[in-house]
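Novice: Single-letter residue listing:
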Amino acid sequence: MDLAVPPRPKTLKIRGGQSDSSARILSYKIWEAIIQGKAGGHPADIKMMWVLGSNPVNQMPDTNKCHQAFKKLEFVLVHEQYMSATAKFADILLPVNTWMEREDYAAPWLGAPYYAYANKAIDPLGESRSDLEICTELAARLGIQGFNDKTEEEWLRHLIAEMPDIPDYDEFKRKGIHKVQLAEPFVAFKAQIEDPENNPFATPSGKIEIYSQTLADMNDPKIPPIPKYFDAEENWNQPLARRYPLQFISTHFRRRVHAQYDNLPWLRRVEPQALWINPVDAQPRGIKDGDLVKVFNDRGVVMTPAWVTERIMPGVVHLAEGGNYHPDEQGIDRGGNPNVLTSSEPSPLGSNVDNSCLVEVQRA
Amino acid sequence: MQMGFYFDQTRCHGCHTCAVACKDWHDIQDEGVDWIRVSTMEDGKYPDVRVFFLVVPCAHCVEPACAEVCPASAITKRAEDGVVVVDQESCLGIDKCNLCKQACLYDAPQFGAAPNAKMQKCNFCLDRLAEGRKPACVDACPMVALDAGPLDELERRYRSTREVTSFTRSAKAKPCLIFKPKMS
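Sequence order for the protein chains is G and B.
Residue 241 in my numbering sits at position 241 of the first sequence, and the numbers go up by one each step.
Residue 22 in my numbering sits at position 22 of the second sequence, and the numbers go up by one each step.
So here's chain B without its partners, still in its complex pose (with noise of 0.2 Å):
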């Protein structure tokens, strides 16, 4: 099985929720530090502008680059969801390394500002997929514009496109987000 996000642009309005409640759940006190990203675009000329936003989580790709040049595997895919996890003992630290934050496209590899700081990265919220609960970020969220769960059900269920305004899909490391976008 594989793990994936959908975002719908059209519902979005750029509040941060999502990415206030991931640092709240999983405890993040570094500054600097966003598991989840929130990015925010604008298009046209005052007073025809148009403003979209793109929220942009781990992508949990199906051929992860981060894994890929990781030289001390310590990032790996699991079997049973797709999920990519880091085992943050075996990282070397950005003083050593940097190469995941290099290879991701998607800016998904984050460390601390702390001397030789490990890897640290959207886990889908492992914690709460156990208790059968979706992500912190896709329950937080007021406009119902985010959710999570198997890819090939979400992209049953959602109209939906694998690239988006920003978004430009690696067709080698295959990311697992889905996208409903709002049109120019």
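Only chain G is shown next, with the shape it has when bound in the complex (with noise of 0.2 Å):
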């Protein structure tokens, strides 16, 4: 196999995978990556995805180019519980179990001294499994060695054997909560403030770099050494902005958690999804509130009703992240899915960035 890419480092490990490749793409450049493939100078010809625990094609940027990039795939395997924008293109789609219907543990974010155990409420529905599940059976049909000899259960009660801050699984198991005792209050970077000479931070100074020379090495005026502040990359200041003059944002939504619970009807009766828009550029457009609205740019266009608000900037609109996609017969959403609009173009150094772009906003 022609790898094009360095052997996988012995840091990067896959259980399982035979594959000594070291390819890897960007996420972001996911859609181009499958479209262009190596004549793009991507580093495979990707003929298939396996989708789990996630929904790419309501939750990437650009949902019109991952919507190309899927046709282009020859097999797509998704894991879902719901007929998801994504599990819509699943030409074999796994009925995965939730997270009520599988135990599990947690461990909260930042390090705060506590865990969590998740015991599950029901059995499974139906025919559903769990990932884990899922996994360790394909991997014995598809002849994938040593994937996995532990049940579930044997898997928790190892991972939490080898934890330090909990004393005894059975005990977790039946409070649903370990609160860690500190012997004293804890402080973040504590042998640093102490003794900074004997502890330097994993930098190439020792410290904590608010100058960066790697960085300036990198000699890029896109890449400061410092924190500055850059114009998004599409940008109200810009020749596009008279094609597309408004402002686009997407924010958290606090009806849903990103693409999830949009399809509640009680949760939807909470707030519908909306443009939010303010009246200094609704009424230009003879938009009064509640009007279905068509909100477009070169990438899609997003049919959704408008809020006309004092609550955003005029010349900013508004569309809450996690709108379920549903394209009609034309390819225009009518589920208010701001992916639709948002570019999949990293920021210089590789973040998603897709949170602004330039839209127009008409009557529909």
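A portion of the hints provided could be inaccurate.
Said to hold, decoys possible - Listed next, the in silico DSS-like pairs over lysine-lysine satisfying Cα-Cα at most 27 Å (straight line):
(1) G:38 / G:72
(2) B:118 / B:101
(3) G:88 / G:65
(4) G:294 / B:45
(5) G:72 / G:88
(6) B:101 / B:77
(7) B:45 / G:288
(8) G:65 / G:29
(9) G:120 / B:23
By construction, these hints were calculated from the structure, which means they are not laboratory data.
Both chains are given apart, each in its own frame, so use the hints to dock them into the complex.
Specialist: This is how it looks when you write it as structure tokens:
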């Protein structure tokens, strides 16, 4: 096989995987990589996609490019519970159970001193299995040796036994929570504060770097060595704004977790998916509160109701992330998914900066 | 005794948890049926904008207009706690009569989409009250913006008013809602 990339270093392990390629694709470039393949300078001609624990068609930027990419794939396998935007592309759709139908434990973000045990509320419905069970059975059928020899409970017991913070698995499971008793209040970077000479940070200078020599050495005006404001890639003061004069933003929404729960009627009633637009922008366009509007740019078109409100800055419009993608026959999204409009162009250092782009809005 | 609700507008941030908890507790499947309603008001111009929320369940009025107009006497006020309840067996249904819906100033009588749907509304969670618990909306509120109980006790406990932006007190019906208003 022509790898065109160096072999996989030992630090990049995949359990049961046999490929020794180190090929990786920046997640934001995945649609381009699928569409263009090696001919476009990407490391592989991607033939299949296996999606679990994720809904990339809905939640990755530039939905229409994603749509093209999925149509090019020869085979798509998806684990889902709902007919999500991604599940609609599946050649094989495997019913995965929910977190309420399986056991797990969770450590809080940012290392707060407690752990939660998530006891299952009900047995898995229908023929659904966990991701681990699905992968284990598939590994056996695909001839992958030594992928997994433990049940989920055995894994949980094994993982928790290795954690010095949690003394007893059964007690933890019974109580549902384990609070770690700290001998003294936790202070971040205590060692570095008390003895910085002998406890350097893992940076070239050994200090917390506000000015980064590593970044300075890249000598790229778009990668400054100190934090600095940059206009969005698509910004109101650019020529493109003559065609698309409104700055479009997308934030999290109180009635969903990303794309999840968008289908619940009770929560849909709490607040409809709608485009926030200031009266200053709505009036000249003849848009009244509740009117169906067309939000568009070169990447796509979304039809959604308008919410005319003083709570958004003039010149800016907002559509909450996670609205479920429902394209009609013309490819116009009727579900209010902002990613139909967002760009998949990453920042110079590869971060996601799809929150801001330019659009125009018209009464539908 | 007269039961009532207290709503602290300074604490509410419009999350609708009260409304969802209500639907969950009473297992309301009908879309468009809201025993408790949350409305949003804006004041001012960007960037000097203020937002107000108003949460209104049934006001369990002292003189309920709905009961007064009901031709079937389906709506009654309980003597022991002043809670206004509806007997759906007696209700004529929305296809024949909507007098209560017209009479109520606060949109409390609700009807589902079914043919000749019977009136339904907030019943102060009488089942919870019997167990000494507060209504589902009150217990669910993450901002502790709601309370419920004997109206005189609520009035003693909270510095409150009987009117607030978008809620006009009917002197005739005497709604049993008290408020702590957010100042404009």
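Novice: So, for every hint listed, does it hold in this structure?
Specialist: Hint check:
The suggested pairing of residue 38 of chain G with residue 72 of chain G holds, with an alpha-carbon distance near 14 Å, which does not exceed 27 Å. Straight-line distance between C-alpha atoms of residue 118 of chain B and residue 101 of chain B comes to about 11 Å, which keeps the hinted pair within the 27 Å bound. Of the supplied pair hints, the one linking residue 88 of chain G and residue 65 of chain G holds, its CA atoms being roughly 16 Å apart against a limit of 27 Å. Taking the CA atoms of residue 294 of chain G and residue 45 of chain B, the gap is about 25 Å. The hint holds against a cut of 27 Å.
About 15 Å separates the Cα atoms of residue 72 of chain G and residue 88 of chain G, which keeps this hinted pair within 27 Å; it holds. Restraint check for residue 101 of chain B and residue 77 of chain B: the C-alpha separation of about 17 Å stays at or below 27 Å, so the hint holds. At most 27 Å may separate the alpha-carbon atoms for a hinted pair to count; residue 45 of chain B and residue 288 of chain G meet this at roughly 17 Å. Straight-line distance between C-alpha atoms of residue 65 of chain G and residue 29 of chain G comes to about 11 Å, which keeps the hinted pair within the 27 Å bound.
Annotation: proposed proximity of residue 120 of chain G to residue 23 of chain B holds, straight-line Cα distance about 24 Å (limit 27 Å).
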